[in-house]
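Respectively, the protein sequence lines represent chains A and B.
For what it's worth, my numbering labels the leading residue of the first sequence as 1, then goes sequentially.
For what it's worth, my numbering labels the leading residue of the second sequence as 1, then goes sequentially.
Take these hints with a grain of salt, some might be off.
What the hints assert, rightly or not - Pairwise CB distance ranges, derived in the manner of DEER restraints: (1) B:Pro233 to A:Val835: 15 to 25 Å; (2) B:Ala653 to A:Thr423: 29 to 39 Å; (3) B:Glu597 to A:Asn403: 22 to 32 Å; (4) A:Ala67 to B:Thr596: 48 to 58 Å; (5) B:Glu597 to A:Ala74: 49 to 59 Å; (6) A:Tyr488 to B:Glu597: 16 to 26 Å; (7) B:Asp152 to A:Ser706: 46 to 56 Å.
If you are wondering where the hints come from, they were derived from the structure by calculation, not from laboratory data.
Backbone N, C-alpha and C fix where the C-beta goes; we use that ideal spot for every residue, glycine too.
2 protein chains.
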Amino acid sequence: MTKWVYSFGKDKNDGDATMRNLLGGKGCNLAEMASLGLPVPPGFTITTEVCTHYYDNGEQYPSELTAQVEEALAAVEKSLGMEFGSAENPLLVSVRSGARVSMPGMMDTVLNLGLNDETVAGLAKKANDERFAWDSYRRFIQMYGDVVLGLDHHDFEDILDTYKRDESISQDVDITADGWKEIVAEYKALVERELGKPFPHDPKEQLWGAIGAVFSSWMVPRAVVYRKINEIPESWGTAVNVQAMVFGNMGNDCATGVAFTRDPSTGENYFYGEYLVNAQGEDVVAGIRTPQSLTKKGREKEGSTLPSMEETMPEVFTQLDDLRHKLEKHYRDVQDIEFTVQQGDLFMLQTRTGKRTAAAALKIAVDMVSEGLITQEEALLRIEPQSLDQLLHPTLDPKAERNVISKGLPASPGAASGKVVFTADEAEVKSHAGEAVILCRQETSPEDIHGMHASTGILTSRGGMTSHAAVVARGMGKPCVAGAGDLYIDAKSKLIRKGDIEIKEGDIVTIDGATGEIMLGHVKTIKPELSGDFGTLMEWADERRRMNVRANAETPLDAQTARDFGAEGIGLCRTEHMFFDPERIQNVREMIFATTEDKRVQALAKLLPAQREDFEKLFEIMHGLPITVRLLDPPLHEFLPHTAEDISAFSKAADIDEDQVRLRLAELTETNPMLGHRGCRLGITYPEIYDMQARAIFEAAVNVASKTGDTVIPEVMIPLVGAQKELELMRAVVEGAAAAVFKEKGSSVEYSVGTMIELPRAALTADAIAEKADFFSFGTNDLTQTTLGMSRDDASNFLPYYTEKGIYERDPFVSIDVNGVGQLVDIAQQKGRSVNADIKLGICGEHGGDPASIAFCEKIGLNYVSCSPYRVPIARLAASQAAIREADNKTVELKDKKSA
Amino acid sequence: MTKWVYSFGKDKNDGDATMRNLLGGKGCNLAEMASLGLPVPPGFTITTEVCTHYYDNGEQYPSELTAQVEEALAAVEKSLGMEFGSAENPLLVSVRSGARVSMPGMMDTVLNLGLNDETVAGLAKKANDERFAWDSYRRFIQMYGDVVLGLDHHDFEDILDTYKRDESISQDVDITADGWKEIVAEYKALVERELGKPFPHDPKEQLWGAIGAVFSSWMVPRAVVYRKINEIPESWGTAVNVQAMVFGNMGNDCATGVAFTRDPSTGENYFYGEYLVNAQGEDVVAGIRTPQSLTKKGREKEGSTLPSMEETMPEVFTQLDDLRHKLEKHYRDVQDIEFTVQQGDLFMLQTRTGKRTAAAALKIAVDMVSEGLITQEEALLRIEPQSLDQLLHPTLDPKAERNVISKGLPASPGAASGKVVFTADEAEVKSHAGEAVILCRQETSPEDIHGMHASTGILTSRGGMTSHAAVVARGMGKPCVAGAGDLYIDAKSKLIRKGDIEIKEGDIVTIDGATGEIMLGHVKTIKPELSGDFGTLMEWADERRRMNVRANAETPLDAQTARDFGAEGIGLCRTEHMFFDPERIQNVREMIFATTEDKRVQALAKLLPAQREDFEKLFEIMHGLPITVRLLDPPLHEFLPHTAEDISAFSKAADIDEDQVRLRLAELTETNPMLGHRGCRLGITYPEIYDMQARAIFEAAVNVASKTGDTVIPEVMIPLVGAQKELELMRAVVEGAAAAVFKEKGSSVEYSVGTMIELPRAALTADAIAEKADFFSFGTNDLTQTTLGMSRDDASNFLPYYTEKGIYERDPFVSIDVNGVGQLVDIAQQKGRSVNADIKLGICGEHGGDPASIAFCEKIGLNYVSCSPYRVPIARLAASQAAIREADNKTVELKDKKSA
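Take the sequences, apply the hints, and build the full model.
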């Protein structure tokens, strides 16, 4: 026979904390606490399987359920020496939902169940307080009427308000027992009037009504929507907890409260919580009375004059504080608890893992290791890597008011306020004048880099999580909200429009790159502070991770940031970013306009010294660590002047007819530039460009090696390879340049040549390509674009529908699409290693900083991940977690094997 | 000991026709003919392995070579009773190259070798003609000096010219024996002066010099380039043929000639060839004398008065005609032969398979089957499927003069002349006025369709073999030259510019879509004519192919063409082409501008009747055959007005503010439209569009079924699916529409729902997708774009470099990239069939009409290929060839298995 009902309470505990799926979070922890000897009012849990059964069988309960509930209820009666429905010593119960995961506010609760015209007398007698008993009774009718009978709670409130007005009473506490009796009568009349039958008198009928209401609440629209958003399967179902009532509102020796075993904001190890004397749980939530601090320390911290529980109820407090330690020791984590004190007796009503801020999580984890509560591995696994962002970037002051006008994608974390500007140049001008600016563009392009550097934040109306703006902003560690599609950013008329709202140049806005929110005006922010705990945790992480963590960086500033955050090399140095420097772009453009190879070589020769200098700086900063330099990747079109003004200026400076400039511009314009003449296709058609870049790398490497004595480790990376022959040809160019430089300098350095794997064809033919490659770096941004056939610049028009409808669980530009893109990466690593066992494999797309993607990289055994500098700590932690989990999996597999 | 030298001639034939790789084409067939008893002057072949050895070993011969050559030479001497270097009865030889495949004009030949001041006397005596002997001697010195000694042949010609001027002689035939003696003396003096040593007197030294020169000629730049272009591996090497000289110029009982065993232009079965009395082979080529026809019939056909060989040398002719039949019977194919008649004796100098026109190939193949020479399978395998294009489209008159100014891609076969127009509207206007026009655009878009229909040919300066212009033109069977990158087509100023050349609107140009050539002015074309042989061959093909052949078609005209060419259904009906109709585009645009779902549904309702009518027509034309209808695929942007004029007109007609139109246009503009909001992404975000299309399909299907009584087979295809859930959601929309229509009509039809596989992710997750699909259609155009990361619209800037450098052997948009794209197709078919064994698999990209790609489809067992209507016959033939070859492979495999 299936067991549908699990009892808890000091005499009998059928369940425990491991049975969360069956009993729900609340139910399993009530049983666990009771087993630990904590004072838990007895009760029972109707399992989630009943819920599933109920919906699978046309809303019918299993046939054995009635008997099992009866039996469990009898056990409660027996344990307390009370009787359900008794006029003398009536047992009252609460009926609460409790799913596997918390769904706050989504489902229903009924308190004080079991009261009727007879039992109310018993309660009055027991409490020695007739007013309390009738107040409880009217609360029950109102709650039951609302939750179970589906009446409008306003109708009940109207009756209460009318009574108070008629009696000239302003506060509920001033209503007498007789007053409550009158109100109860009117409540019952209301129910009978509305439903055509009286309020149920029989406590059993009341009980089954409440149980049914809880199960029904699993399917109300708000719960369905909540589950959809939070990806909670409908099949999980909810449990129902029926528990003997205890009362925190039976007098001044009663109280109710909620607490965290440590401060959830800071993680400080002291008892953090609030209580109210003579109150029921709902009063704490209602906010009518000001809750008081549990501890003296808490009271002092808050500067409150209201006495703490430590001071007013020292005995109970001591008992509660003991339980606090007991729970932490047992659960080995911070607990979020609910308790009630009834006439001096303490009762525990709930315990669960306490939510906490990132800073608190860090401190708690490190503290608990030093307290011997948890291991370093456990500490590492407890920190959500993404949450470290909060520690590295400014955040909005939670207390500050905010006027949110729109929401875009949370593209780069941190919050920033500043004056609205519409061009990169304006950003630079205002920033030089000492003003904080937010650069607002439809989308950014490489020509905006200087303006992005000058801004405190970036806002775009188009593009996704890996749009140019997003990627560059993350690299710079600057806040960015991207793809705020309902804003119309009109750079021409210098206006942002949304409906009636108009934001002009110079107006102040605030953006929160962690949430994507855009606010009018200035909102106060809080600066990040890195504690010693951060360093400790990172040390533990580094000891445990297998994969290296590198950074994507090309400027000296980025490289230094990356080193400071613990990067072990540069995994992606995009040489084209160096080309956009205003001093160099003219030479780049002349190179593009060269009509012969000779002229192109001349223009390139002018670029060489600057490019060499860039690499020298990077080699010096990263001394001893490898730098993967990607040769020119973007289509040449990106380097050309586009506005009439720029075209005219370039035409004059280069002495090329304006029509010629426009003609070349038209020639280079592409329908799908992402799939166009870029990457190594440039190197194939203009080998002299790659030759110049390779020379610059090797000249810099030899110079720095001889100047500093450091080992300099250049890794030259060929982008967008799709066929072995491309790499073969480009490798020959690089090797030719190396040989020439080493001969000229009379000195050489070790180097390697590899390729991006960023096209499906490259992954599919990785065995052939690996014959010519020392390393593969998976460019998962482009690989995602090509594998899914989805332009990251254009996806914002439909991708939200896709995640909403569950077509892709997460934005595939943020977290690697394991089934599609991941399958290709896995094919490539297997094929690559099959011909070249020592090939070095890494990932340098945006996914390199995403914990789920990092776990995937660990699983398939990549050698390193590379991400933007500000994500390096996140990657270090995520890599350590992945290594720990993989080791655990292997242990489990080993055990399975042994037992098999 | 390796055998490096193979003798041939009546006494001894070491080789035969199967040894082409070792002996080269010429050498193996000389041996084969000799073995057949044909009169072949004896000689020997130095193998291609000697060539390979020579280049692998620092240009050294194998040590055994000298002895083997001596021995073979002695055998020739013995066979003829002559002696190499003898002053009495000297043996003279020719030394010719002969590679595995013919490389016409690429390599060198030396004739009359063995002559010197002594042997010339022997030759004079034997020929009884001193003048002939000394003429031969001077020819030898000149040829040897040029080919072996590297002297400039002009220097020799100068000597000859000076002599003739001094002696007032105008023609060579007037030079006496003494004259030739004088000239020989001056030739020898020239050699000694230039080289510092005398002309080699020793015939053996001459022989080794000539052998060395032939091997060296394998590596001269023109040969290297030729091999590169024709993809001939360097490692194949060339053989050297040394053969006893016979003379067609020893008197009027001598002759030389070339012939085909059937007419290579028409395939007619009569002896086709030319001869010259008293001449050497080079005289035929030189064109100084007019060659005469071999046969009386040939002479009459040409209307020539010069007597035929049949008439002048009836005995020799009869002997030759016998050999003609013998050779055809032996080789079972048309032969291209060379012969010489020396003093009444016939000698065969070469036989090889004769090249022929497409029409001739067809007739020859069919004739040879009825003659019992070859099987139907052999006949099928002998026709190059691509060559059928020549039979289906007009071609340029080969005799017409042409002024070629540029060359683009041969995008759609056929030749056409017409007036240059720059817009689709202008094309329509002029065409209605009865003028032939060539539509010239940078690139075409769906808005140009009506103009393309109106034109006789299309010319674009951008885009590749699968650009819009190319695909649509092929579909229409219209000539198209695409991507002529060196033309600047300026629609604004109505000019085409190339350097100094300017072509104005109204100027006449001619394009040849089979070669890509663009010519000024009108060039005469020849109309195609389909013979009964064509039908016969197609019948044989249909009996043998396993795969079905369908057509890509959406207009009634295309559908009718497809049926006429034997298509077995429509594999791709692109519904969006129907949207561009000028009468409908307004409704389409209103649908796009609808701001609510309601308004969109209203606009769609207006489109429904027209769309239904389209499908009704198609179902009627294809009665009983399946039609795969692809739901809307292109980004909505393509349907919007783009020019200021169009925007204004639409704004007025739709009563939408012009600014609003521009705003929406800007919103819908995408960076990479190929990877943007298109395909089923439109259906996901606007399900009502797909719902309307599905309704139109099912209403049409039910209407036509009840009207005609035909079985109507609609297959609804969802484009651009990347994830199972997309197909699941869209399938539900289609099924919903079907159910609704069937209920309304009270009648239903069978239908299926499937998807394009055109994204790498779809192929990689085909097992999941197949759970929801009745069929897969591989959209290899887009699959190539995404797998290779290559936009077909932009690839013309670099793809030529790619095929030139051998990165891709062939344009991957023309012939499927088997290693990359093919790998994905194979993965998808395996995964798809693993969960859905009955799933129907086809291909509908441009590759569906490419023979190599069709062979690949057969190999992996697809069910059908679909191509543009004009390629249907090509596909039918190619599919039959693939089936025959696969069956052969299986037989071989079976044999291998049995013998293993």
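Please list, smallest to largest, the hint numbers that this structure does not respect. none
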